[in-house]
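Residue numbers (our numbering), protein chains in the order written: chain A, 44 to 276; chain B, 32 to 112.
Keep in mind the hints are simulated off the structure, nothing from the lab. Every value quoted in this text rests on a predicted model; they were computed, and no experiment measured them. Glycine included, every Cβ here is placed at the ideal spot set by N, Cα and C. A couple of the hints might just be wrong.
What the hints assert, rightly or not - Some chain A residues close to chain B (C-beta under 7 Å, calculated; not the full set): (1) 70; (2) 73; (3) 82; (4) 86; (5) 88; (6) 89; (7) 90; (8) 96; (9) 103; (10) 108; (11) 133.
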Amino acid sequence: MDVGRTCKRTWRRLGVPRREAAEMLAELDADLAAAAEGGVAPEDYVGADPRAFAIEWAEARGLVRPRLRLLSTSAAALVGALPGAGFALFAAYGLSSQAIGDVFGTPVRVGENAYQNYFEPPAWLILGLYALGALFAYAGALASVSAVLRWWLDPARARTQRLLAATLPLGTLSAIGATILFAWTQNFGTTPSVVLADAFVAGFAFILFVGGIRLAAVRRRVEPGPVTLLPTT
Amino acid sequence: MTRRLEERGLGTARQGSIYPAVARLERNGLLESFAQAGNGGPPRKYYRLTDAGQRALADWSSEWVTARTAVDSVLGTKREA
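Bound-form chain A, shown alone (with noise of 0.2 Å):
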């Protein structure tokens, strides 16, 4: 195990200065060379996990701050969200679609001795599927940003999970209600141009929410721990 390269990379990643970083790192190389020539491997002397210890020091130094990084978090919220509201979208648009209907609807008559499938989805269908697409969208935005906070070793992640899980929801709703507003601007027209829009509009609207409850887990000031020596073992 590279103690030392595993501590500059988890640095790098904490987004520490990297003139603080080369400087901890000349420090920490110092030491551990003195340790080895007293018989002490590098794992025993900074402990098991060399990233914990990193992301401790680098804490108790100041060194250590969130980054806004609005667009990342936005982004992966959104993209998480996708799947879920495709699945959405499915229910409402795919379940009465002629290829469906193919597979499961049963013959309507079209014409003189012309019949085609239909399929009519029950309303409890729909709407269950409707639920289904919002839970997966929801699981799907905070796992997404879950997972890029996480890279980025993000000190507000938890505080970010925790207000996002809280308000997503509403947030939805507003991106929804604020599309419904501009659709009506449109007067609901289905041009690809106006779908388009509408899309960029829910987009936007969800986009903006998300950066919003980013900013207030930032915002919140986190104050250092004490002063504690962990034990050997």
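For chain A, the structure is supplied; the task is to place chain B on it using the hints.
Structure of chain B alone, referenced to chain A:
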């Protein structure tokens, strides 16, 4: 530092945990650091108490003596001067 703690029978602190502890003390203005050339190796970083650190140490020592005296009197243990 950990070696000295160990020599005095307090060898339970992991060496790596010294770094965050010292960093917090330095950040709070109780310690200051300086580099000094090693014996042929790279310069080592050393720490010394600031004036505020000296005062804090005196306060903490006084608190410790008060607490130890109180515990001694409750337990009825004698302490050698």
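Tested hints:
no.: 1; hint: 70; in the structure: holds, 5 Å
no.: 2; hint: 73; in the structure: holds, 5 Å
no.: 3; hint: 82; in the structure: violated, 13 Å
no.: 4; hint: 86; in the structure: violated, 9 Å
no.: 5; hint: 88; in the structure: holds, 5 Å
no.: 6; hint: 89; in the structure: holds, 4 Å
no.: 7; hint: 90; in the structure: holds, 5 Å
no.: 8; hint: 96; in the structure: holds, 5 Å
no.: 9; hint: 103; in the structure: holds, 4 Å
no.: 10; hint: 108; in the structure: violated, 13 Å
no.: 11; hint: 133; in the structure: violated, 51 Å
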